[in-house]
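Chains as they are written, first to last, in the UniProt record's numbering: chain A, 1 to 679; chain B, 1 to 679; chain C, 1 to 679.
Any given hint could turn out to be false.
Identical chains share a label here; the pair holds if one copy fits it or two copies do between them.
Simulated crosslink set (DSS-like; lysine-lysine; CA at most 25 angstroms straight-line) [to be verified]: (1) K417 - K312; (2) K164 - K101; (3) K295 - K613; (4) K453 - K417; (5) K164 - K214; (6) K591 - K657; (7) K312 - K626; (8) K417 - K146; (9) K373 - K146; (10) K373 - K657.
Treat the hints as calculated values from the structure; they're not laboratory data.
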Amino acid sequence: MAGLYYGVAYYDEYIREERLEKDIAMMLAAGINVVRIAESTWSTLEPENNAFNFYHIDRVIDAMYRAGIAVIIGTPTYAIPGWLARQHPDILVTTPEGHQKYGRRQIIDIMNPHFRQHAENVIRTLISHVSQHPAVIGYQVDNETKHYDNVGEHIQTAFRESLKARYPDITEMNDVFGLEYWSNRIDCWEDFPPIDSTINASLGCAFARFRREKVAEYLAWQANIVREYARPTQFITQNFDFEWRGWSFGLQPQVDHFAAAQAMSVVSVDVYHPGQAHLTGHEIAFSGDVARSLKNGRNYYVMETQAQGFAKWTPWPGQLRLQAFSHIASGASMVAYWHWHSIHNSYETYWKGLLSHDFAAGPTYQEAMTIGKEMAQLSGVLEDLHMHNDVAILVSNEAMEAINWFRPDTPQPELNKHGHYLYNDILRRFWDALYDRNIAVDIINTLDPENCKYHAIIIPALYCATDRELENINQYVAKGGKALIGFKSGFCDQNARVRSETQPAILSQSCGVRYNQFVIPDNVTLCSTADALACAPDERPEMWMELLTPTSEQTSVLLRYNHPYWGEYAAATLANHGDGQALYVGFLPSKELIFNLFSLLVADEGSVCTTPKYRWPLIVRHGVNKQGQAIQFIFNYSTTPATIRTESVVTEPLTGKRYDRGEQVSIDDWGMRIFIQSA
Amino acid sequence: MAGLYYGVAYYDEYIREERLEKDIAMMLAAGINVVRIAESTWSTLEPENNAFNFYHIDRVIDAMYRAGIAVIIGTPTYAIPGWLARQHPDILVTTPEGHQKYGRRQIIDIMNPHFRQHAENVIRTLISHVSQHPAVIGYQVDNETKHYDNVGEHIQTAFRESLKARYPDITEMNDVFGLEYWSNRIDCWEDFPPIDSTINASLGCAFARFRREKVAEYLAWQANIVREYARPTQFITQNFDFEWRGWSFGLQPQVDHFAAAQAMSVVSVDVYHPGQAHLTGHEIAFSGDVARSLKNGRNYYVMETQAQGFAKWTPWPGQLRLQAFSHIASGASMVAYWHWHSIHNSYETYWKGLLSHDFAAGPTYQEAMTIGKEMAQLSGVLEDLHMHNDVAILVSNEAMEAINWFRPDTPQPELNKHGHYLYNDILRRFWDALYDRNIAVDIINTLDPENCKYHAIIIPALYCATDRELENINQYVAKGGKALIGFKSGFCDQNARVRSETQPAILSQSCGVRYNQFVIPDNVTLCSTADALACAPDERPEMWMELLTPTSEQTSVLLRYNHPYWGEYAAATLANHGDGQALYVGFLPSKELIFNLFSLLVADEGSVCTTPKYRWPLIVRHGVNKQGQAIQFIFNYSTTPATIRTESVVTEPLTGKRYDRGEQVSIDDWGMRIFIQSA
Amino acid sequence: MAGLYYGVAYYDEYIREERLEKDIAMMLAAGINVVRIAESTWSTLEPENNAFNFYHIDRVIDAMYRAGIAVIIGTPTYAIPGWLARQHPDILVTTPEGHQKYGRRQIIDIMNPHFRQHAENVIRTLISHVSQHPAVIGYQVDNETKHYDNVGEHIQTAFRESLKARYPDITEMNDVFGLEYWSNRIDCWEDFPPIDSTINASLGCAFARFRREKVAEYLAWQANIVREYARPTQFITQNFDFEWRGWSFGLQPQVDHFAAAQAMSVVSVDVYHPGQAHLTGHEIAFSGDVARSLKNGRNYYVMETQAQGFAKWTPWPGQLRLQAFSHIASGASMVAYWHWHSIHNSYETYWKGLLSHDFAAGPTYQEAMTIGKEMAQLSGVLEDLHMHNDVAILVSNEAMEAINWFRPDTPQPELNKHGHYLYNDILRRFWDALYDRNIAVDIINTLDPENCKYHAIIIPALYCATDRELENINQYVAKGGKALIGFKSGFCDQNARVRSETQPAILSQSCGVRYNQFVIPDNVTLCSTADALACAPDERPEMWMELLTPTSEQTSVLLRYNHPYWGEYAAATLANHGDGQALYVGFLPSKELIFNLFSLLVADEGSVCTTPKYRWPLIVRHGVNKQGQAIQFIFNYSTTPATIRTESVVTEPLTGKRYDRGEQVSIDDWGMRIFIQSA
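Can you build the whole structure from these sequences, using the hints too?
Take a look at the structure:
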């Protein structure tokens, strides 16, 4: 299918009234053209072992087909039936809190052979049953899959075996992980300790990586089974989610999305975010940058996002529309709500769908009718929309795991529920700084210095990395790249072992700087020592302070610490290295300061990275559509209407209106404009 | 016995010194005329299985009898002996935190057959031993009984069997509880899941109700055993307690007091409350309103209340007396302290009794001497005192359970230890608003529209109710009643399933209002749209906001939200329905606003519900005594002495003094006046 | 060896690079003359059961010997190897949180016979291997030993047996501990309840004392094994640590240091403290006062203290030197850092040693070079330095345990992580008050009135004590002593049973005061009623208020409470008793007020306790060296340089300079002066 998908998750199984035809009529009125079904309903589909009941699935697919609505089939494996838990209690995952009890979803040991056997059976039965139905356009394998803190026997044994294979000489493992510390060294594999109580971060990070690999393996296993039945035109996807802080906050620590996306033909994500006065677009765009980047800029699906959601999220007029087109401006080609109707029982009763519990055409549904109409109208214009960005942020699951393990900053209970800056807090600070200034970025997890299309790379807290990864950064700079490198980068090797080279290890070569000590900021401000760098007098280093000393004439000091005893040290430096430049910053800067540092770094890159005219709450995004037209989106994330001037001759596809360059255009509160820019 | 009881709990078992005769002499000097004994001392009474030692019980009863002090015998079952825990470890309750270990009281599985067998044995042996003693006036079965979070095998099995009996077709159970959600559906009873880990609120609430039923059954079982031995003049009671927030705060979630009171001949309660500057009388009067209402206005016993209590509660001069007569003004005919002497060992060492650890006649004891004298003097005047109230508050254990399960508001850690408004926070807000304005209320848990004596009913957050219960409210209004109905009422059916009718479901008929969306207040104020309704400019909706729209010409909007996007919706409405009126309020109002709304609602009810002259800290209560005299109490809950004018000719029974109408009377700080009003 | 030790902990086992000779060269350059090795490395020493590998130990001892650096051998028992945990899982301690899993250190049941057997084997093998080596100067048995919350079967059985032996008549045990309460009484030993779930504080405190005894027994057992091999010149020590609040805060609750020190030939401690702007010297001096007092003023070793430590502790210039000489001024003759190099893996990666992870000569190491040089230079002057104090603080593990069990104050979450004033908060308030005013104290845990060298004794919160202990205090006063006695002293007997005598029990005799009630301060201030006592108008009683009444003409009231109802009571009193005086204070005073009360008490003691000229941040300490010279230390714990005048003719041993009396001397920020005072 060409164009844009506008969808909902639909659960005929949960509904007591006879609603199917009424719901479809309302869907059509709202322009809904796709539904996802079946992903949570194993016990209804297979009420007892190997006895299947396709009543709900069949009637929904058939009815949708008649209405011209496409169907995505979810494999139902992330919530198991009671009979399966009873027959194989070992399927329930063992976490550090113990063997889990039946009730919630996502409490399974994904490595358990009984689980795999029953999951395979239900997948094969379901997919073979539906795959030839013309309504079915694709499949979602499992849902929001993670490892669920698995520390069960299966995964511990598999982990130990994987280490045995990697380290035939057990001494090497002791060396690599530093097990001598606190008498943890082992001299035979039988003595391998319980991993859930280890205090050895190197071992802990290796186990975390192993668990991420097992998630990817599990998803690929499901995808391969589905692929046996799928028609070539049908897609296979997974619904990735993000670090959850009450909403989609950052990179997912339990999954390597880049690895797991390999087995999928398209990437889907679920994106939840604050609403009402707290709707800012950050989460939509961040999640979108990740999702789009997982397959090199390919369009992705927003498989779940909020319609009404929590009571605190109920959208204000205009917000649902703003959200939908913000997803599209990030590269989404599907926006699907969780979920159609609000659920009357059980657990997520207060996470409301497009309809309230009364199934009435309430305000949110009515706004969806507008969106559906506009999506249909714009489908040709926004189809196959692609973004071409000059800047990328380099992220790392390994760095995240290790920095979150140590949390080397001083606990601050008022900071967040962790009381610490986690990796994602640091990553988001850098990402947010650029978003707020309308600098569009991609997200990458490897850097090939030979083939890098980006003019500038941001590298926040690359705490763990191999020699090669660090050398690649040096080489990227040497070949003319611009790198903004954050504190703690280069600190450890790939095994979370602190490097004994001068810090920032290996990177000190391109950055022209070194440090031997680091402290916690306490009553310290910053001052700029570079003319081109603005730094407000109340700017403070947050979280961490490396006491930097330039190592070369090539290095200029950009910032110093104001402090009676640390004032002699640099806080940020800029070094020429080969044909490029590396800016090293030894602390966590404010968003304003990140932007200023970045601007300084790319000052000579011409228009590619220059300061855009607008800043949040006016968000500007650009893409190129199938026809090669340049599309501009302007979003107003505020309660105050805005006025802008067009930057070129543009036409507005929704109205057909043409604007000259420099013409004034108003944007409503929580409103938007979409323009086709003249060539 | 006629008149008022003034009592203490007494534990000869805990005392090392030879104190009995000395204590009795001090009791007599303080007017103590009743003691409760034996309720915590099973291991002393039955030091090994079926071997009994009546030493302490006999000597106390005999000595009390000689002194003319009445004795209440508590069955000792709420704290089991070590030998019983050792012989039957299964007696110890299993909670979601695991199988409990011996040590604390109230850690038993009240459904365990071994427990029942040993409890029955000790009850029969004890009661048969004492029942003919002339000192014994009654029995307390168990103490502060609850289900202790029981999720053990016995209760889970019994619950499943009860569901099997109720739903012979298992599909109906799946339907009623919505088990399809997250694959929780079961198709055979063997697959019934562990209830303690369910995420299904409907199932969870059904289990909670089942546990409440089992508490009532257990208490009735004890009462029936005791009744076999009791003399007809002896009462049987239970000591009910309340939701505990460091003191007696609200309705008890684990017990349906209305149901459990059926098996008792008189209701007892324990009432603990803040002291010193934080003594307000709220808890005394709230607990009293509940206790008095459990048996239709019958006098009740305060079986436990604080003498000195915690160090932060040590009463200021006058407070102990103020407290005692406040209980009586709520309908209590016994005020008994926990406990006589302060305990030297173990756990409650800092919960002090009437005497400190030194057994000396300290300040609190000395104030008790005054109270005892006055009680004796007023015994005839205050005997059989009854209250006749025009207003009732309708409460519901089912609504409490479900609203506390979901906690649909946004967490606010600073609010209380739950971070949420619980049912009792809402109930207390409404109750407190009326208490502060001296509007006396009863507490009811059913409403029979055919036989309702109340002019006005307050209905806070009736989250769950049957069709009939909601229709009864409509009918009560239609027949001329005034109903003040709070947000979230009518939302769910009796199974905590959200109703799919227009909200407020069924009640929308009498209230003439509907809503489809609800949000969390965030920077919103209220404004009055009714002349007769005062609303301060800084009044804010708390906790919850339903976006109301009137459905009829009969409905007038009383309040609107001040908000850029929600301003079009009503916040409170008043509708004529039949001969009565229903006032619906879509948010949690301040106490001031509740009072204003209530006043508006009952404006035409004449004197019955009109605004009293005084407000807290001056609390005025009325009752009618055995002789039919109107008794007026005026309490000064403050450090500032007060002056009032009499409203009629009155006599003061304590002094014998007569006051004309309009005469000035002073009331000391923390003082009171009791008047007999002339007919 | 004569003189001062300057040392580090060294772990050849943890180091990947070949560092030994390089490290020794750097040590020598820094004046390091002692290393401690082996105490955490059991799995490297004994990689499988009874197979030993002395590679690291031998090469380090030999290399150190060649360099002239002394070696302390730690027994490696506080962190067990994985093979031992696997072969005897029962060795892992069972705590109230359950049976611990392998990983961390200090998770062993020190009473487990398998543990004892394997520990004995490794100790004998190690010590016999090294004891004759000329580099080895002594031994540390185990490390920071505690009972690790042991509630396992071995210790519970042993505790029960100890009670059986102490109370042949079980009734006596019930009486002493008050087990009748809540039906806890037992009549045969088989019914003895699980101790970890007891609610009986008397029983709980008895168990806590038993566990402390077992720690002492275990350490003595190790010391005795080591002693079989040790040469007579070699010392045996243990590294005691303190109550941990993120640093060394107060007396160790799990160990009776006075008892445990008996088996050691010298006391060692580890001392960690806040740094940078939060470096005050309190923890150094408090820990030193305890350590020095454990063996009657003998010099002690600081076996571990921070070099760089946490990032928030990284020393400012001068601080490392200030810290080192502060230890010596408290009586230490060794200052040893944990640890030499920073650890690259595992857990304590951010607890940095003298070197950073890069092994470079960073700023902290460079300051150590200065210190090492000065230590060598001053070794003769500061050798055998002894303190002679007139004031002592009486502490009690029993009082600590019981007051921490009950925590009778009102919870205040903002206070600390416990939300309560614990015993050490009270103790430290009194100790800190004197430290800040440069009044040097010893710490004692018994008071012999016949042989007491102290002019004044401070007794904070002696909550539990025997009759004899309390009578000793009375007698000490009667014989002319001055006692400052804090609230809650005398409240309970040695079994945590509240005394039924008039409070403060037994002490009321010397203090001439009584109370029957106590309350929590709430909006109360204090006012002085004694001319000689200054009390600021905003002084408030903290934590607790006893409502005091003098019992004698001999008692003068010093302070009263400002309160509408408690104003009639005294807050602090001073009584003559025999030849001495007892000052009783019924609340927790501010440091300022403690100092004022103490000054009043000792006003007539002449110079011995008079107010020193300086107060914190200028800290003055005195000692007498081997040659009988009076040594004066002046420390400046601040960022502001200071100027003082000499109080006598002095010479400065570091510079050789001589100062006349009254000469001005400057002290750098975070600087110090050491003077030899002329006779």
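Worksheet entry | Violated hints, by number in ascending order, as checked against the structure | Violated hints: 3, 4, 6, 7 and 9; rest satisfied.
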